[in-house]
Structure formats: C-alpha cells, structure tokens
Amino acid sequence: MKYQLSRKISHYCFILPAFLIFISVMIFPVFFSFVLGFTQWKGYGEMRFVGFDNYIRMFQDPVFHIALRNNILIVLISVFGQIPLGMLLAYMLHRKMVKKSNVFEVLIFLPITISSVIIAQLWNRMFSPVGILPALVRTITGNKDYIITIVENKDLAIIPIMFVLLWQHTSLYMVIFLANLQRIPNSFIEAAQLEGAGEGTIFLKIIMPILGYVIFINSILAIAGSFKSFDLIYSMSGGGPAHYTEVIAVYMYNTTFVHQNYGYGSALSIIIIGFIVLSLLLTRGVSKIFKVE
Amino acid sequence: METPLLRKAPLNWRIAAYFLMVAFAVLTIFPLVWLGYSSLKPHAEIVLHPLRLPQHPSLNNYFRAWELGNLGTALLNSFIYTIVATVATLFLSLAAAFGIVKFHFKSSAFFTAAFAVGLMITVHAVIIPLFLAEVKVGIINRRIGVILPYIAFDLPMSVMIAISYIRGIPDALIESAEMDGAKYRHIFWAMIVPLSTPVIATMVILSFLRHWNEFLFVFIFTTKASMKSLPVAITLFAGRNNIEYGMQYAALVIGIIPMIIFYFFFHAQLIKGFGEGALKE
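Those sequence lines, one after another, are chains L and E. Heads up: the first sequence begins at 1 in the working numbering, then just goes up one per residue. Heads up: the second sequence begins at 1001 in the working numbering, then just goes up one per residue.
By construction, these hints were calculated from the structure, which means they are not laboratory data. Check each hint, because a few of them may be wrong.
To spell it out: a stretch of chain L is covered by chain E in this simulated footprint if at least three of its residues, at any positions, have a beta carbon under 8 angstroms from a beta carbon of chain E; those stretches are [stated by the list, open to error]: (1) 45-57; (2) 149-155; (3) 243-256.
Which residues of chain E face chain L? A partial, calculated answer using Cβ under 8 angstroms [to be verified]: (4) A1009; (5) L1020; (6) L1027; (7) T1028; (8) V1033; (9) I1046; (10) V1047; (11) G1099; (12) A1109; (13) F1111; (14) A1152; (15) Y1184; (16) I1234; (17) T1235; (18) Q1269; (19) I1271.
Only a predicted model underlies this, so the values are computations on that prediction, with no experimental measurement involved. For each residue, glycine too, the CB sits at the ideal point set by N, CA and C.
Bound conformation, chain L alone (with noise of 0.2 angstroms):
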C-alpha cells in the first residue's frame, strides 16, 4: 500500500510541473478570454456584461467579413495549393527526378527557418517601388514607370499575401510527404511499372491513396495554421489598406490591442479557436466519409 502511494505521488510530481505551467498559461486564460467575450471593457473602469452582442456585431461587421473571406482565401490556398504542389515536389525528390535532389530538398526547406516577420519584410522590399519585382519588370519591358498596384486594389491585395504564403508553407508539406513516402516499399512502384502504368497514374493511383491518412493529417494543420496566421500579415500589411488584407487574428489584436475593446477583441479569438475546432470536425468527418483512415 504505502509502496503504491509513493508510486503515485512520483508519478504526480513528474507530471505536475509541466502541467501547471501548461494550464496556467494555456487553459484558464481561454475560460477567461470566453468570459471577457460576452463584456465590453476597455482594459480599465467597469466592465459591462453584454450577453452575445459582441458576437452579433460580427455578423454586421464589414471589416470582420473581409477578415473571414481573406482567411478562407488562406484555407483555400493552403489546402488546394500548398498541401498539392508539396506532394507532388516530394514525389519527384523521390523519384530523384532531379540531380542532386538533396540539394534541391536543402534549399526549397530554408525558408522554414527565416522567422515569419522578417520574411514579410523581405517581401513587402520585393514588391515595393524600389524593389526588386518592379525592377525586373521594368528592364525586360523598357517601361521606365512600373511600380505594382496591385497592393492597393482592395479585392486584389491580399494576392501578394497569398503568394508569399503560398511559397514559404509548401515546402513544410513536402518534408512531411517525403518522410510518408520513404515509407513505401519501391517494389509498390516496380509492380506498377511492369503493368505498364504511367507516372501520372502511378502518382494518382498509388501514391495519393497510399499517402491518405497523411494528406488528412495536413489538411488539419494547413486549415489551423490558416486561422492562425498572423505574423506574416500583421507584419506585411497590418490588414491594410483600409483592412483589406485584414484577417481575423490580425483584425483581433488591432481591437483589443490598439483600440482597447477587450470585449470585441475576445470575441473574435473566440471564433479563431471556434474555427479551428469546426475545421477539425469538418476534417473528421470527410475522412469517415471517404474512409481514408
């Protein structure tokens, strides 16, 4: 008996620690930030419970609806853009397509180490007037005055965004399919081959179904990783011009952060998690339907 208790006690004091720190920092403050949800509050002075009003404000918020569409523009490019084009480059670096197809793997994963911010820096240089894109742009069309507009259209401007998101994130899903797909036998591929099917087929046919469960995986890290993107856009655009680049976790540090609506602000971290979680279900429940698991 007394052997047990101290057993247990053991086996509290190793896993205590860590979840103190993990609870304190991590669990309460979400109960605290649903409650700070249903108030308006200014950081100071008296806080003013409101029921659901903040959240029927983002139903009529324009700026909360083209901080949602931007991020499922975001969903849509990493889903359909990002997890494709980093399966297929992993399938042609094991297929060693390319020579020195390490070196290749080495370079393309680089950006992954470059902190988010600075890599928006480097981009918002590229693409200003006295970048490098314009530049180029101008030596091969002689037009002396090209400068990008592009950034101050509003349905236009978050494109930028979305490439340079595009870019630094496709990579991340071709480390992950490469390390799924040195799982598979060669002799899977070598079968094919000798049925006298083609590349296309065998990538379609073989490879994806094979690779199911981990395109499932990356599609929840890609949508969650959508809803929260932050760094990158807060530090290219700060959701302007005007919020037109605006996306929900950037719309909500600019609430609570500079215009002191803790309520509204707490609200709208509310519905980032709320998202991420429906995303995950939504997930789920294709992967049922389609069985991939």
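Chain L is already provided as a structure; the job is to place chain E on it using the hints.
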C-alpha cells in the same frame, strides 16, 4: 533500396520537376542574395538602381543599424529567451512524458488528452487574459513574463514527441532498476534522459527554432527596447518608413544570418524532425 527494376521517370516529368524545383530554389535564393548585396549600398543607390550590384560596397549600414536598432541587446535577449525556454521545455516535457507513460495510472489518459487539446489553442486566444494577468502579477516587461508563455506553448508538441519516444523504452529496464532500490528521480536522470538522446536532439532543434522566431509574446508583453528579441526589434526598426533603405536591409540580414548558420549545421536533423513530427499526432 534502389533496385534495377525501377525505371526512370519519363522525360516530360523530369522537365516539369526541374522547372518546379528551380523556380522554388530561385524564389528562395534570389531575394536573399539581392538583400545581401543591397545592404552594402547607400540609400540613394538603392532608390536609383534597385538591381545593380554595389559600386562601392560598404558595411556602413550594418554599423548604424546595429547601433540605432539596439540589435546587440536584441540578439542577447533572443539567446536568453530561446536557450532558457528550450532547456526548460525539454526537461519539463521529458519528465511529464515519463510520468504519463511509465507509471500506468488511470490519470495518464487525462493528462495526455489535456496536452493534445493544447495543440489546438492559438496564441491569440490567450493573449488578452495573459496580458492582463501579467500586468496584475507584475511580470510584464520582465524576462520571466516572456519565457513562461514560450515554455507553455511549446509543451503540447514536446510532450507528444517525448511520449511517443519514451513509450518505446522497455518497462523491464525501469522495473529492474526499481528492484535494485533506485529512486524515480534517479531513474529519470540516469536512464530516461540518456536513453532519449536521439529524440532530445530533435526536440531541442525544433524548440529552438520555434522559440527563436516567436513574435507576439515579446511584441505585446514588453514595451522596453532592452527586453525585445531580435525578430521584434528588427520589425520595429525596419518597419519605420522614414529610415534609410540601406539600414533596413542591413537589419534584415542581421536577423536572417543566425538562422542560416543554424540551418547550415542542423538542416538534416531539422528536415527529419519536421518530416516525422507531423506523423506522431
């Protein structure tokens, strides 16, 4: 294993492969090279000839950016935050995983589930209450106020990786040490930690990268320049439009170089860690 049976991919696939790979590689290298040589040019030359190589390369921009942007302090802070948080996360998560996996109590399932939920929580969902709490406790603008959230947000992933590794260490090893009268803390330090070396390497490299590039906590929880980390200091410095382009570029290069050096030494481990990390969830 490469077998002679496996036929080479057809030409059109190989051409497409070269096209894609070269495009991605160029999009990575070209901006960095351009940034690198532009940072050696004075402001006027950058504005007039964005593409041209520097006529009289000079490190002037670097000295001034270093001084004006407080980058030395920021670099030191980045090292302090990253190293303390990485070491702390490592031992906390190894201990927690040991406790969860090797004692076979019912509560282990609860702890595992709790840490798994943590994977879904975003920085933004806790930042407001955390900010308010830190103000109340009085750790805003102090290093501990940055390091604690760093650790907490790294724990879910690190605990998951540690659990899946420590599960593979045979129970019999631990039981026999117990028979010989070893205390659990001795078992942890003398067996679990040394046996986990392969996964420790991966955990440290992934943690280091996450902590080094963390932005929001430092950005919001510190207002003093003396507390900023490198990414935050550079964003604040390079984000101002009224300063000279040359200095902005130099600051960005200073932010990128440590990570390129890091990547140069650890890319194999990093690629392996990222590739396998995602399988374990």
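Hints, verified against the model:
| no. | hint | result |
| --- | --- | --- |
| 1 | 45-57 | violated (count 0) |
| 2 | 149-155 | violated (count 0) |
| 3 | 243-256 | holds (count 4) |
| 4 | A1009 | holds, 5 angstroms |
| 5 | L1020 | holds, 6 angstroms |
| 6 | L1027 | holds, 6 angstroms |
| 7 | T1028 | holds, 5 angstroms |
| 8 | V1033 | violated, 10 angstroms |
| 9 | I1046 | holds, 6 angstroms |
| 10 | V1047 | holds, 5 angstroms |
| 11 | G1099 | holds, 3 angstroms |
| 12 | A1109 | violated, 12 angstroms |
| 13 | F1111 | holds, 6 angstroms |
| 14 | A1152 | holds, 3 angstroms |
| 15 | Y1184 | holds, 4 angstroms |
| 16 | I1234 | holds, 6 angstroms |
| 17 | T1235 | holds, 5 angstroms |
| 18 | Q1269 | violated, 12 angstroms |
| 19 | I1271 | holds, 5 angstroms |
This entry does not satisfy hints 1, 2, 8, 12 and 18, going by the numbered hints stated previously.
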